[in-house]
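Asker: As a plain string of letters, each chain reads:
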Amino acid sequence: MTRLVRAAVGLAIVAAACGGEPATPPTASEPGTTATPTVVPATCAEIEHPVEQGGGHLVEDATPPVPYSSTPGTSGWHAGGAVRQGVFTEADALLESQIVAVLEVGGVVAAYDPDELDDVSLTELVRLAEDEYAGDLTVTPFDGDMGAPLVLNAWATRRPCTGLVAADLAAFIEEYAGVGPGH
Amino acid sequence: MTDATSLRTAPSVPCPNVRAVRSPPDPTVLTRRTLLRGVGLAGVAAFLPNCGGDGVAPSPSPTALTQQAVEAAILGAIGSAGVRDYSVLVAMSEVLTDGQRIQFAVTDADRALLSDVDIDTWVVRVNQDPADLRAEIVLGPVQPTFHGEGLDDKGVYVVEGDLPEVGQHEIVVATRDGAHVGIATINVIDARDSDTPKIDDRMPSVATPTTAEPGDGRFLCTREVDGQPAPCGMHELSLADALDARRPVVLVISTPKYCASRVCGPVIEVVEAERLARPAPDQVAWIHVEPFVDPTVDLPQAVPLLTELSLPSEPWIFIVGADRRVVDRFDGPAPADLFREALGRV
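Read top to bottom, the protein sequences are chains V and B. All residue numbers for the first sequence refer to the numbering used here, where the first residue is 1 and numbers rise by one. All residue numbers for the second sequence refer to the numbering used here, where the first residue is 1 and numbers rise by one.
Chain V with its partners taken away, still in its complex shape (with noise of 0.2 Å):
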């Protein structure tokens, strides 16, 4: 899909979650083609509880000894030292164990690929991490094969979306942020 029909999905997607009429789906062309794609809102699977794992802290970038449970990993072996929060890019991304420790503080990360997530998705959690749900929520691109484009995750819970769906978000740090079992 191109980036266009993605942009055209999360206005659709920003519309519906705002309790708006859904908007009316725009069109868009790939190259060589007339075809009129089908723009479907986000949405977001069941919220899923990985088995919980144990572990301390790796030091440096060593990694965990066994397998995470799920991809990205929702607990067990993280990093040691300072959790770093916040919005983060593809020169900064958080690595695996780095997003364990912030869960581990009672944190939601939001890991998308940045090749699946569409810009206005992207754009809107960047804006909300830093505004409405600055200290709880963070995001960060991930480099691994999460199942979906976007995934929200708190310690020892993840749930995949297809995009920003704003009312399951809401929900989902209303539910699980600051449950972390400390540092």
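No wet-lab data here; the hints were simulated from the structure. If you're wondering where the values come from, they're calculated on a predicted model, not measured in any experiment. There's no promise every hint is true.
Just a sample of chain B residues kept apart from chain V, beta carbon distances all over 12 Å, derived [as the list claims (entries may be wrong)]:
| hint | residue |
| --- | --- |
| 1 | Ser87 |
| 2 | Asp98 |
| 3 | Gly140 |
| 4 | Pro164 |
| 5 | Gln228 |
| 6 | Arg340 |
Covered stretches of chain V (chain B as the covering partner; in silico rule of three or more C-beta atoms under 8 Å from a C-beta of chain B) [unchecked claim]:
| hint | segment |
| --- | --- |
| 7 | 41 to 55 |
| 8 | 60 to 66 |
| 9 | 76 to 88 |
Using N, Cα and C, we set each Cβ at its ideal position, and we do this for glycine too.
Take the given structure of chain V and dock chain B to it, following the hints.
Answerer: Frame of chain V; chain B shown alone:
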């Protein structure tokens, strides 16, 4: 790209490696009874495509398929018809083939740490060849002992035993009535392949920071009491000096202000309490080393001692005899009673 059109509506089926915590678990999943009904690999493969419930359906992968089958095989091996609703939290970075303590915490479906349940423990080796899936018990059943002294409300269960093979194993706990089961993966390594000092190994001589020679001095000790800096009393001697003096050594590597995780526990408090309880003069040299050059930054650089000891994690405690041989070591949490017992051997 995965787009919205890839969503599938499907019956809600628990995913491999994923369990519902707050919903009553489906007793038909992952039980020996299920296994005996003949839901083997073919059966698992049949329902996996619907995994994921009403939302995004992850693409079934060979790994996911194997995981579901592995769990069924494990439960079959230990003869349990229980439901996997416990979590086993292993906080050791090195599980060795040679006999040693294996420490783990256990939580229930509400994620409450358990301390008073009668459980048996197995270590299971799984042949994950889909054509010959087998789970072999290599240790157990063993009744673990619970040790919570000095660990506040955390505490760990402990089992000991030789593990004959290297590689991925599963540590399995089940209540005596077989109703509740927890499984966690451990990676067993050959003791000869570990560069970290092991029991009977000679402790390397490494100069460590002291109050007299603190290096940059900023993070000599991050211990706090009631939120106020309260450096411990274990910074008077360098490890190298203590070993050269042929004194027994307790070496604790931890960053107390930055380490109070799920089962990590207040390691420094366990050690400091034992130190203060001993009559003076004490022949034992007590040495605390902060593991990071600057723990206030992300992915902090390890201090040279960690590199010398090849430590991939923290916290650690080493108890070293006057002959410089390691008497015991604690990888992760250190229950006070076990630490005291080990200290009695120097």
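Asker: If you test the structure against every hint from before, which numbers come out violated?
Answerer: The structure breaks only hint 1.
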